[in-house]
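Listed below, chain by chain, are the residues.
There are 2 protein chains.
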Amino acid sequence: MKHRNILLALLLLPLTAMATEVKSPNGNIVLNFTVEEGRPTYSLLYKGKEVVRPSHLGLELAKDKHASLGLNERDLMDGFLLDKEETSSFDETWQPVWGETRDIRNHYNEYVATLSQQWQTAPPATDQPGKRLQPRRHRRTILIRFRVYDDGIGFRYEFPQQPDLNYFLIKDERSEFSMAGDHTAWWLPGDYDTQEQETQECKLSEIRGRFREAVNWGNSSVAVFSPTGVQTSLQMKSADGLYINIHEAACTDYATMHLELVDAETKALSTKLEGNSNTYTPNPGPSAYPLPRPFTFVSHLTPDATGLKGAMQTPCETPWRTVMVSDDARDMLSSNLILNLNEPCKIEDTSWIHPTKYCGVWWEMIVGRGSWHYTNDYPSIKLDQIDWSKVKPNGTHKANNENVKRYIDFAAKNGLDQVLVEGWNVGWEDWANMWKRDVFDFQTPYPDFDIKMLNDYAHSKGVKLLMHHETSSSTQNYERHLEKAFQLMNKYGYDAVKTGYVGDIIPRGDHHYSQSMNNHYLYVVKEAAKHHIMVNAHEATRPTGLCRTWPNLVGNESARGTEYEAFGGSRPDHTCILPFTRLQGGPMDYTPGIFVTKLKEWSDNPSWARITIAGSLALYLTMYSPLQMAADLPENYEKFDDAFQFIRDVACDWDESIYLEAEPADYITVARKAKGTNNWFIGGKCDENGHEAVIKLDFLDKGRKYDCTIYADAKDAHYDTNPQAYTITKKVVKAGQTLKLKEAPGGGFAISLKLKD
Amino acid sequence: MKHRNILLALLLLPLTAMATEVKSPNGNIVLNFTVEEGRPTYSLLYKGKEVVRPSHLGLELAKDKHASLGLNERDLMDGFLLDKEETSSFDETWQPVWGETRDIRNHYNEYVATLSQQWQTAPPATDQPGKRLQPRRHRRTILIRFRVYDDGIGFRYEFPQQPDLNYFLIKDERSEFSMAGDHTAWWLPGDYDTQEQETQECKLSEIRGRFREAVNWGNSSVAVFSPTGVQTSLQMKSADGLYINIHEAACTDYATMHLELVDAETKALSTKLEGNSNTYTPNPGPSAYPLPRPFTFVSHLTPDATGLKGAMQTPCETPWRTVMVSDDARDMLSSNLILNLNEPCKIEDTSWIHPTKYCGVWWEMIVGRGSWHYTNDYPSIKLDQIDWSKVKPNGTHKANNENVKRYIDFAAKNGLDQVLVEGWNVGWEDWANMWKRDVFDFQTPYPDFDIKMLNDYAHSKGVKLLMHHETSSSTQNYERHLEKAFQLMNKYGYDAVKTGYVGDIIPRGDHHYSQSMNNHYLYVVKEAAKHHIMVNAHEATRPTGLCRTWPNLVGNESARGTEYEAFGGSRPDHTCILPFTRLQGGPMDYTPGIFVTKLKEWSDNPSWARITIAGSLALYLTMYSPLQMAADLPENYEKFDDAFQFIRDVACDWDESIYLEAEPADYITVARKAKGTNNWFIGGKCDENGHEAVIKLDFLDKGRKYDCTIYADAKDAHYDTNPQAYTITKKVVKAGQTLKLKEAPGGGFAISLKLKD
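The listed protein sequences correspond, in order, to chains A and B. In this text, residue positions in the first sequence follow my numbering: the first is 96, and each later residue adds one. In this text, residue positions in the second sequence follow my numbering: the first is 96, and each later residue adds one.
I should point out that these hints are in silico values taken from the structure, not numbers from a laboratory. Please note: incorrect hints may appear among the correct ones.
A pair counts as met if it fits within one copy or between any two copies, since identical chains are not told apart.
[What the hints assert, rightly or not] Once the Cα atoms are required to be at most 25 Å apart in a straight line, the calculated DMTMM-like pairs of lysine to aspartate or glutamate come out as:
#, residue 1, residue 2
1, Lys-586, Glu-574
2, Lys-441, Asp-259
3, Lys-825, Glu-131
4, Lys-547, Glu-622
5, Lys-586, Glu-187
6, Lys-625, Glu-578
7, Lys-487, Asp-543
8, Lys-298, Asp-504
9, Lys-441, Asp-536
10, Lys-825, Asp-802
11, Lys-500, Asp-551
12, Lys-477, Glu-574
13, Lys-362, Glu-205
14, Lys-144, Glu-578
15, Lys-625, Asp-482
16, Lys-477, Glu-438
17, Lys-625, Glu-574
These numbers were taken from a predicted model, which means no experiment stands behind them.
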């Protein structure tokens with residue numbers, strides 16, 4: 096590997112020949128890098144097939160009034176020379192605090208290109224007439240670091256500290272991902288504030304035509320930016336059978352990346368989406384550089400209120416941009432590329448971090464049979480002006496002592512670790528959408544929620560309460576109360592908090608996925624760690640593997656969760672896509688386990704979950720998370736107590752995970768070995784077409800017998816017409832046997848395998 | 096006073112006759128209020144002369160996507176009916192914690208107009224065909240409350256809680272102040288971020304032509320918005336000798352008000368100022384209502400990053416809008432109207448709040464002979480990445496143990512209470528202008544500042560250190576560290592902090608005078624009060640009398656302070672204007688006392704202060720503040736120790752204050768009686784033309800004798816050619832005597848009068 100003379104190479108060789116080539120450890124993946132007419136350019140092959148065609152890398156910088164004071168404005172786009180190339184190899188196995196496997200191998204070949212820009216500016220003024228000074232010479236260096244794995248690559252920009260690159264503002268990052276064909280994509284509309292959309296499946300060339308109908312315009316915060324803008328993680332499949340996924344890793348103090356597709360109709364990048372009045376954010380303006388070829392995705396960062404994408408101080412780096420690729424869909428699910436690209440754990444004592452199964456006072460309010468708020472007597476609430484002891488209760492408030500005790504009893508009886516209680520604290524009367532800053536104090540319980548009594552009661556039964564902090568996206572208000580709110584949790588024995596960011600961000604104009612908000616979410620996680628508190632953040636940014644570094648970040652939402660089953664429902668294939676997309680960056684608190692799917696059976700809500708009971712059980716395996724909720728009502732579980740046995744039994748931390756079958760939006764089958772045991776659990780989930788799973792039990796200990804319980808769809812089960820039809824079969828199995836299981840439309844199965852001693 | 100039939104009145108009577116009339120207690124001021132074609136309208140007379148011609152009142156509301164959820168959008172501009180009128184009188188005398196007088200009389204007649212808007216919207220949908228529902232009727236009520244004093248009026252809008260006015264966003268407040276003529280105005284360019292301008296003196300009709308040159312474009316944060324935009328407090332003088340001042344009182348969780356002048360060239364309100372690239376803020380768009388007549392000021396609030404002016408939740412109210420008026424300029428200075436319109440003190444135990452004289456490690460850095468920062472070895476600093484004990488010092492860092500001890504010794508020797516030390520904490524290497532969020536932690540001292548030793552040393556000598564928190568306007572960073580920073584202060588015995596907000600606000604797009612920033616400043620003051628800490632906030636919002644309610648807010652800058660004497664200097668009349676304008680809302684930490692005015696005498700700085708030494712002494716009286724700095728270097732004071740005796744002697748808290756002479760931008764003479772004593776101090780300050788003060792000592796105790804020391808300009812003193820020429824005369828005086836004192840150009844005098852026992 097050496098630095099060739101580019102000019103000569105251009106004359107003598109075709110483009111690919113002049114580039115530096117870096118192979119993955121097994122050689123399946125080949126990265127090519129070069130500097131083409133001053134622009135950093137990479138491409139990617141998998142087993143000789145084009146994955147990423149030659150694509151430019153760079154950043155456009157914003158102009159700013161402080162330029163004269165040292166804020167750099169010169170773009171990091173072109174005029175680069177390749178100064179140095181370095182390669183190295185890395186192979187290490189590490190153990191996550193919790194996860195799908197006990198050991199994770201981090202094995203890659205690394206390539207670092209050191210690039211420089213040089214230019215001159217006018218000579219400094221001189222007092223001496225006749226004396227001529229030399230022009231000032233400037234030289235700026237950046238690095239692009241690639242890590243080439245067997246299942247994909249990561250690359251990032253690194254900016255060393257230097258006089259000509261000290262501070263800069265990002266107009267936008269222009270990392271290109273040029274696709275080799277009109278792939279099928281599973282995509283969400285690119286949006287600065289939400290991912291609570293249903294995934295679209297279509298060709299790249301069809302995205303523009305599908306865009307408007309794909310947007311969930313009714314969501315509490317929507318800010319789409321381009322008719323071909325899509326979110327990551329973006330899963331694709333090529334006509335010749337390659338599975339390609341684009342995402343990012345280790346996004347900390349940087350804006351979340353979206354992708355803007357250049358298609359045949361694209362005239363310029365980052366043009367405003369007509370008719371989108373749902374964002375105040377100014378248009379950052381088109382790129383000043385030539386448009387790449389169609390089927391190229393270009394990175395598009397989330398702006399702040401002024402339309403700028405980031406404020407940077409060297410030394411610093413961007414998050415990793417990742418491209419995962421395989422000809423086997425299962426590799427997309429078993430990949431640890433995102434986690435590997437994150438920093439090792441920064442929490443020294445992690446003994447207080449633990450996987451958790453929980454139930455909660457939640458679903459009945461989501462469905463509409465109860466309220467978070469305590470009174471109906473005020474058009475709006477000012478926290479400091481109400482004597483809650485004198486307020487007239489509305490009778491529908493669910494976070495009351497009696498109801499919470501009922502859930503505690505249920506948790507204790509069924510071996511669940513914690514009980515989430517939403518609506519425990521004052522302020523829910525007018526909490527959302529009204530640009531109200533001081534919406535909650537996170538400390539004052541409603542009069543019917545006896546925080547001391549309930550925590551004592553729970554603890555006496557071996558159960559903990561799970562704290563809830565809905566912020567209404569009023570982040571300044573949350574930060575002002577954070578320390579005291581965590582102190583309260585410590586005082587009463589909470590060790591986990593579910594946070595929420597519903598609605599538009601306050602301060603107004605900011606977005607859920609901006610640099611400042613990403614900084615905020617991580618600030619909360621770090622502050623929580625000081626108090627030994629685990630965080631499960633809803634409506635926050637999409638995860639990028641930060642849970643490796645901060646394993647007290649045990650969950651995120653950042654997608655369309657089970658709550659949407661009460662808001663009209665999601666398609667049956669929804670949960671067969673999420674593991675390929677949303678879950679790449681970290682676990683999702685999907686809150687599975689709805690047994691009574693037709694909500695009108697117990698409420699006035701006409702919505703329904705498009706899933707069978709057996710399918711619901713499967714989600715505890717196919718949707719990996721260290722945090723698993725049994726989301727339905729206790730009384731609904733009591734009706735199907737034999738099926739609920741699986742939820743009682745299933746683990747949520749694993750020594751080993753084997754994806755047995757997978758196809759995006761069709762089916763996923765996975766076997767997992769419970770942490771520290773010899774017991775296995777297997778789950779299979781399919782789309783609306785049903786699926787026949789074939790499970791070879793060759794991962795079991797040879798020669799040993801296992802008590803096997805199979806929770807399967809009944810023959811006539813169907814997510815719509817017969818969702819509660821399931822069978823429970825018990826038998827003894829051993830390694831090498833094959834199980835064939837028929838999954839109903841919108842169904843699935845769950846299996847527990849207990850080693851017979 | 097009764098509610099007349101408006102329609103009838105319109106037909107039968109001239110406009111002024113139909114209005115309700117409210118007189119001030121002594122009858123000199125007459126307010127008229129009516130609803131004219133649905134718009135609230137007021138006018139003001141003083142001794143029969145027009146002060147405010149009929150002017151409309153109202154607010155335009157912003158359109159918002161959340162309107163359908165209950166965010167009200169209907170303007171509060173027209174369609175009003177006058178439902179009810181109430182009047183009352185109030186007369187109370189209260190005692191400020193500190194101030195110009197021991198007692199303050201709050202005496203006014205109050206008038207409250209209750210106004211309603213009524214409208215209909217389409218009937219609700221119905222399932223029953225044939226059934227027709229009635230249209231929905233809406234009714235909305237607001238109050239406008241006027242308080243009519245003998246020296247002016249205050250009015251505000253009040254918004255009761257009601258279904259049709261629950262939450263709203265302000266596009267802009269449109270309170271009009273229609274002037275009766277082309278008055279002379281002393282004005283600053285209206286700016287969302289700074290008041291560090293030199294005051295302009297010209298006719299209203301000349302403002303537009305003078306605007307661009309009036310802007311201090313070099314300031315660290317500039318955001319002007321209109322070529323006729325001016326700041327409050329705005330002092331004017333009419334051709335017939337009326338002094339008129341427009342300002343506001345009690346601005347808490349609301350944007351700071353500017354005034355936009357409608358002149359002959361005005362085409363529309365709130366049009367963008369061409370060529371002002373110094374703000375990212377979107378243009379809020381023109382008003383939808385007819386333009387008022389020329390010479391009308393219209394309120395213009397400071398926007399947030401999205402261009403909106405405020406988010407409101409009822410019940411709530413605006414700040415008071417004030418119009419002070421008199422035919423005697425001295426009444427402008429002695430008025431307590433702004434304080435009276437603020438809420439009484441909310442701090443129960445105020446024993447820890449005290450007036451303070453201080454010196455500090457500050458002026459030598461401002462002038463350029465030393466640095467706040469400790470090292471020159473880094474292009475930029477990341478606080479968590481530097482081991483300060485290993486950093487190479489630059490040798491110019493002034494907040495070092497030895498230098499601080501020198502100031503402590505100086506303070507102890509001269510009876511000064513505290514020593515401000517700027518540059519004590521890490522982060523000054525790259526603190527400003529670079530959009531850096533995590534710029535300071537407010538807790539880590541530089542290695543050469545031994546915080547424990549220095550505080551112990553100071554306390555052993557009866558002196559305290561005065562804390563400094565420069566925030567770089569990175570407000571989120573400050574709030575994150577606030578509690579620990581205050582704990583540090585408590586630990587080491589600090590009881591006062593000077594805060595600073597240099598540069599553009601972070602989060603980017605926000606402004607120093609916005610609703611959210613006004614909330615921030617007050618948040619800091621309230622948090623400080625919990626820790627028994629006094630606050631002196633620099634570059635914060637302009638004061639509106641909040642120090643009555645929160646007397647631990649002992650000072651603000653919010654104007655061009657003494658520091659500008661090192662940045663090119665201010666005009667000699669500058670300090671003869673500030674008491675009429677900036678000081679209306681509360682004391683200014685002007686940091687007076689420069690004795691060596693030609694800075695090149697001890698530094699390389701060619702700038703100089705346009706003032707004589709006697710003039711400098713006068714400022715301790717004419718620029719009222721409970722916080723007074725002796726800003727010059729100890730060694731400079733030692734050269735003029737006889738003059739410095741006055742600074743040692745002068746009080747900074749008062750039982751009585753009598754303004755003896757005053758004319759804006761020309762001269763101010765004031766006598767003050769030191770709190771709890773029988774001693775008086777008199778100060779006179781004049782502009783570049785000099786002044787002969789005539790002081791009748793009729794306020795002294797009759798028949799008693801006083802030791803009188805007069806610090807006066809020498810005969811040939813001059814702010815430029817001979818600034819250090821002063822005389823000190825001692826004599827014995829008694830009540831009834833008259834002193835005539837000649838003030839040099841840019842000069843003044845100071846007198847101490849000590850009762851002979």
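Can you give the numbers of the hints that this structure goes against, from lowest to highest?
-> 2, 3, 5, 8, 13, 14
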